[in-house]
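A.B. asks: Below are the chains, spelled out letter by letter.
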Amino acid sequence: MPRESTLHLLLYATAGLLAVFLTIHVALHAPGLFYDTYKESVQRESVRKNYENFGWALVALLIVAVIHGLIGLRGILLELRQGPRWEAFVNFLVVFLGAYMLGLGTYTLLTWLGIIHFGG
Amino acid sequence: MGERRKPRFLENRLGIAGNIIPWVLMIRDNPERVAFVLHRLTGLLLIIYLPVHIFVTSMTVNPQKWEDFLLLEENPLAQFFLWILFGSIVFHGLNGIRLLLVEGLGKGIGKPEPPEPPYKPTSLSSTQRTWLYAVFAIWLVVWIVGGIILFREFGWF
Amino acid sequence: MGVNGNGRPATRVVKIRVRRYDPETGRRWWQEYRVEAKKGTTVLDALLRIKAEQDHTLAMRYSCRMGACGSCGMLINKMPRLACETQLLDLGTDTVTIEPLPNFPVLRDLITDFGDFFKKHRDIMPYIVRESKKENEEPYREYYMPPDELNKIIRFSYCIMCGLCYAACPVVAIDKKFLGPQALGQAYRWVTDVRDEGLRLRLEKVDDKHGVWRCHFAGSCSAACPKGVDPAQGIQLLRSKLVALTAGARREKKPTHVATPTTVRYVDVGDAPKPTVEDKSLLVKHLEETAQELEQDLPYVAQALRDYLRTITSS
Ligand code: HEM
Ligand code: HEM
Ligand code: SF4
Ligand code: FES
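Chains as they are written, first to last, in my numbering: chain A, 396 to 515; chain B, 1283 to 1439; chain C, 240 to 554.
It should be emphasised that the hints constitute simulated quantities derived from the structure, not laboratory data. Heads up, the beta-carbon is just placed ideally off N, CA and C, and yes, glycines get one too. Hints are not guaranteed to be accurate.
[Claimed, not checked] From the derived model, a few chain A residues whose C-beta atoms are all more than 12 Å from chain C:
1. A425
2. L488
3. L499
4. H512
[Claimed, not checked] Straight-line Cα separation of at most 20 Å, SDA-like style, residue types lysine to any residue; simulated pairs:
5. A:K434 / B:P1358
6. C:K391 / B:Y1401
7. A:K434 / B:L1432
8. C:K416 / A:R480
9. B:K1393 / C:P386
10. C:K448 / A:Q477
11. B:K1402 / C:K391
12. B:K1393 / C:A483
13. B:K1288 / C:R347
14. A:K434 / B:K1402
15. B:K1402 / B:R1310
16. C:K448 / A:I462
17. C:K416 / A:P479
[Unchecked claim] Per the computed footprint, the stretches of chain B lying under chain C, defined by three or more beta-carbons under 8 Å from a beta-carbon of chain C, are:
18. 1358-1369
19. 1401-1415
Start from the sequences, fold in the hints, and give me the full structure.
C.D. replies: This is the structure:
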C-alpha cells in the first residue's frame, strides 16, 4: 500500500480532473446542449458516436473516477470500523472493485473500437 | 452491604448517527457540517452508482440489451433517481472544489491570528463560508432548473 | 420576585434534566431537579447546588470554575460546553438537559475518561523536538522565539484540553483511532513553531490512516471550542502543508529564526556594571562594620557578608 499522503494527493488531483471530465460527460447528456433531449443522448446511435469519437476521453474519465471514488470509499470504510482484519478486507474490496470497473470499462471501449469482437 | 460489582464504564461514542445526522448535536453556526454530511452521502451514492453504471454502459455493445435497458428508463422511479443523481453530482462537484481549496491548499480559512474575546473561530467566518453559501445557492438553482427541464421531457408536467 | 431591565423576572426556576450513569449496576437514567437561577448562575453553580442541597450522589468534575482548567466539559442542551462558562438563563430554555461529553467513556454520571484523548495528544509529541539528540536530552538554554512567530501559534497554545472539540467531531464519533481535532491542531502548533524540528517524526502519527486525512472539515470542533483555538484551521493548514510536501514542494525551509543553544551563548547581554565604590578599602571597611553590627541578631547574614568580603579581597 502506498503512503496515506500519496493516496490523498491522488484523491485531490483526481477531484480536480473530475471537475472537468464529469462536467463534460454530464453536459453531453443534458437536454438542450449537445442533444435536444436526454433520451436522444442515450440512444445507441449517440453512444456509438461518443465511444468512437471520444473513446479515450471516456477511459480517462473511467480511470480518474475509479481512483477518486475508491480512495474516498476506502476512507469512509476505515472510519466505520477499526482493526487489522477490517483494514485488510477494505483494501481488498477497493482493489477488487477497481479491477472490476477498469476491466469492464476498457472492455466496452475496446469492443466499440472494434479491437475486441463482441461475442454475443 | 452486598458485594460491590466491578465498575463498568460506558462506551459513549455517538456512532453512525453522530457522523451523518447533523442534529444529533446542536452545534450552532456550523453549516460546514451540513456540507460534510451531504458531501459524504453524495460521494457514497456516486461510488455505488459507478460500478452499476459501468455495467450498464457495457450493455451498449449489444443492441438488444441496450434497448431493453432504455425501456427501464420509462419507469418514473428511474427518472426520479436520475434527478437525485444529477443533484448529487452537482453538489459533490461544487463543494468538492471548495474542499479542494480549503483542505488541499489551505485557502479561505484565514490566518492563525491571536484569538480575542469573544473567541470567534477564524476558519468558520472567512471566505470559505462565502464559498459555502455560493455552493448551496448554485446547487439548488441548478438542481431545480435541471429537474424542471428533465421532468418536462419525461412528461411529468 | 424582582424584574430585570428587559422586563423578564430576575430569577427563574429552571428544570434540569441530568443523564446519569451508575458504573456498578450499569444503569443509565434521566433525573430531574429544579434550581432557581438568576443572572450569572452557571450550569456548574446549579449542579453544585443540587449536589449540596438535593442529591449528594450526583457526580461531576470541575476545578477552576473560570474556564481555565478544562475539567467541566458537558453536553448542555445537546451542545458541548464548559459548565462553568454557561449561564442557565442565557440558554433560554425552561428545561436544560445535561449529559456527559459524548465520544468519551463515561465513568459515572457526568464524569468522563480522558485517557485516550490525552494519549493522542502525547502521540503527536507536544513539545519542542530538535534534530540533535543532545539538545533534546540535555537542554540548557532557551530557544529564541520572535514575537511575530509567536503570534502564528499562540492561538493554538490557548488550548485547555477540555475535549469539547473531540466531543463535537463527527469523525471521532465513529473512528476510535482518529487522532481528533485537539491532537491534530496541536500537531500543527508544534510543526509551525520555529524552534521545532520534529516534522518528520510527527508525520508518523499525522500521515496515517487515522491521522489528518480523516478530517473532512465539518468545522464542528472550531464551532464548539470555548477558547477560539480554531483546531479546524490548524488541521487544514497542517494538511495543505503535507499535500504540498507530498506533491514535491521543496522541503520545508530550515527554521531560520532558531537560535540554537550555542548561539544563545553569544547573545551580548553587556558587561557587569562598573562598581560604584571605586576605592575597595572603603567597601571593605563598610562591610566589616555592618557584619559586626549584625553579629548578634542576624549571625547568618553576618556570615554571608564575611564570605562575600573574602571573595572580593582575594581577587
Ligand atoms: C447524469 C448522469 C449520467 C448519464 C446520463 C450517463 C450516461 C452515460 C452514457 C450514455 C455512457 C456511454 C458513453 C457515452 O455516451 O458517453 C456513459 C459512460 C460512462 N460514464 Fe456516465 N453517465 C452519467 C453519470 C456518470 C457519472 C456520475 C460518472 C462517474 C462517476 C460516469 C462515468 C462514466 C464512465 C467512466 C463511462 C465510460 C464507461 C466505459 O468505459 O465503458 N457517468 N455514461
Ligand atoms: C465532480 C468532481 C468531483 C470533485 C471536485 C470531488 C471532490 C472531492 C473531494 C475534494 C473529496 C475529499 C472530501 C473530504 O476530504 O472530505 C471527495 C471525496 C469523495 N468523493 Fe469526490 N469529487 C468529485 C467527484 C466524485 C465522483 C464522481 C465520485 C464517485 C465515483 C466521488 C466520490 C467521492 C467519495 C466516495 C468521497 C469520500 C467522501 C467522504 O469521505 O466523506 N467524487 N471528493
Ligand atoms: S481545541 Fe478548544 S475545544 Fe479542543 S480541547 Fe482545546 S480548548 Fe478544548
Ligand atoms: S471548571 Fe475549569 S473550565 Fe470549567
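A.B. asks: Give a verdict on every hint.
C.D. replies: Here's how the hints hold up against the structure:
1. A425: holds, 29 Å
2. L488: holds, 15 Å
3. L499: holds, 29 Å
4. H512: Correct as stated: the minimum Cβ-Cβ distance to chain C is 43 Å, above 12 Å.
5. A:K434 / B:P1358: holds, 14 Å
6. C:K391 / B:Y1401: holds, 16 Å
7. A:K434 / B:L1432: holds, 10 Å
8. C:K416 / A:R480: Measuring from Cα to Cα gives roughly 15 Å; hence the hint holds.
9. B:K1393 / C:P386: holds, 16 Å
10. C:K448 / A:Q477: Satisfied, since the Cα-Cα distance of roughly 10 Å is no more than 20 Å.
11. B:K1402 / C:K391: holds, 17 Å
12. B:K1393 / C:A483: Holds, because 18 Å separates the two Cα atoms, which is no more than 20 Å.
13. B:K1288 / C:R347: Holds, because 13 Å separates the two Cα atoms, which is no more than 20 Å.
14. A:K434 / B:K1402: violated, 51 Å
15. B:K1402 / B:R1310: This hinted pair holds, its Cα atoms lying about 12 Å apart.
16. C:K448 / A:I462: holds, 17 Å
17. C:K416 / A:P479: holds, 12 Å
18. 1358-1369: With 0 residues in contact (Cβ-Cβ under 8 Å with chain C), the coverage given for the region 1358-1369 of chain B is violated.
19. 1401-1415: holds (count 6)
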